[in-house]
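Residue numbers (my numbering), protein chains in the order written: chain V, 1 to 112; chain P, 1 to 114.
Hints should not be assumed to be uniformly reliable.
Said to hold, decoys possible - Okay, derived cross-link-like pairs now, EDC-like style, lysine to aspartate or glutamate, Cα gap no bigger than 20 Å in a straight line:
{"hint": "1", "chain 1": "P", "residue 1": "K40", "chain 2": "V", "residue 2": "E52"}
{"hint": "2", "chain 1": "V", "residue 1": "K3", "chain 2": "P", "residue 2": "D38"}
{"hint": "3", "chain 1": "P", "residue 1": "K40", "chain 2": "V", "residue 2": "D39"}
{"hint": "4", "chain 1": "P", "residue 1": "K41", "chain 2": "V", "residue 2": "E9"}
{"hint": "5", "chain 1": "P", "residue 1": "K41", "chain 2": "V", "residue 2": "E52"}
{"hint": "6", "chain 1": "P", "residue 1": "K44", "chain 2": "V", "residue 2": "E9"}
{"hint": "7", "chain 1": "V", "residue 1": "K104", "chain 2": "P", "residue 2": "E58"}
Please keep in mind that the hints were generated in silico from the structure rather than gathered at the bench.
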Amino acid sequence: SQKIEQNSEALNIQEGKTATLTCNYTNYSPAYLQWYRQDPGRGPVFLLLIRENEKEKRKERLKVTFDTTLKQSLFHITASQPADSATYLCAHSNQAGTALIFGKGTTLSVSS
Amino acid sequence: DTAVSQTPKYLVTQMGNDKSIKCEQNLGHDTMYWYKQDSKKFLKIMFSYNNKELIINETVPNRFSPKSPDKAHLNLHINSLELGDSAVYFCASRHNGGSTDTQYFGPGTRLTVL
Numbered sequence: 001s002q003k004i005e006q007n008s009e010a011l012n013i014q015e016g017k018t019a020t021l022t023c024n025y026t027n028y029s030p031a032y033l034q035w036y037r038q039d040p041g042r043g044p045v046f047l048l049l050i051r052e053n054e055k056e057k058r059k060e061r062l063k064v065t066f067d068t069t070l071k072q073s074l075f076h077i078t079a080s081q082p083a084d085s086a087t088y089l090c091a092h093s094n095q096a097g098t099a100l101i102f103g104k105g106t107t108l109s110v111s112s
Numbered sequence: 001d002t003a004v005s006q007t008p009k010y011l012v013t014q015m016g017n018d019k020s021i022k023c024e025q026n027l028g029h030d031t032m033y034w035y036k037q038d039s040k041k042f043l044k045i046m047f048s049y050n051n052k053e054l055i056i057n058e059t060v061p062n063r064f065s066p067k068s069p070d071k072a073h074l075n076l077h078i079n080s081l082e083l084g085d086s087a088v089y090f091c092a093s094r095h096n097g098g099s100t101d102t103q104y105f106g107p108g109t110r111l112t113v114l
């Protein structure tokens, strides 16, 4: 069955550093991957989508890469700030394209 | 002008009761979903509706019954609540016309079964 894994449950970094989160997928080659941010007590919010033919996508301080050989996506936050502290979820569509399959998320804590 | 709204935000009830959670989206989207997020924060699809028609019913007990009175609403009714039903339930929606299935989530309903 399709599986999507985010290896780190938690990541703690200092303000100003770059946070790098990892997402790996198995048993399926999705056409694109999505990243969402979830704050405590709130629903996930879409951040970025990267397609299989795109190596890299950027949005302000966010950067996502997609390596179809490694079956991996990396999510970077540069010049991190305490306000970036949240849980970040990786997701891709199921094969039928009828639903998203989410990883368990990585909780990022940025300390000042 | 909330995009996807859910009521109630919190729901505390006794085992064996029947309860409903309501969801509404004002985005004009065609597809709506219910997800369950357990205590380990794992977010899993339960149901998907497209234009009031059921598309997905993952392995969810038949005590859970979604109902879509119109394209903008997808409610979740749960019969005979069990302790294991305690979780946060999220409604989401997406537009069918796009080439991707980026979804918009509601704020969640935290269900606690005592």
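Against the structure, the hints:
Between K40(P) and E52(V) the CA atoms are separated by roughly 29 Å; this puts the pair beyond 20 Å, and the hint is violated. A hinted pair counts as satisfied when its Cα atoms are at most 20 Å apart, and K3(V) with D38(P) qualifies at roughly 17 Å. Note on K40(P) and D39(V): the hinted pairing holds, with a Cα-Cα distance of about 15 Å set against a maximum of 20 Å. Distance hint between K41(P) and E9(V) is fulfilled; the C-alpha atoms sit about 10 Å from each other, no more than 20 Å.
Proximity of K41(P) to E52(V) is assessed by CA-CA distance (about 27 Å); at most 20 Å being required, the pair is judged violated. Proximity of K44(P) to E9(V) is assessed by CA-CA distance (about 17 Å); at most 20 Å being required, the pair is judged to hold. Distance restraint check for K104(V) and E58(P): the Cα-Cα separation of roughly 18 Å lies within the 20 Å cut-off, and the hinted pair is therefore satisfied.
Going down the numbered hints, you'll see the structure goes against 1, 5, while the others check out.
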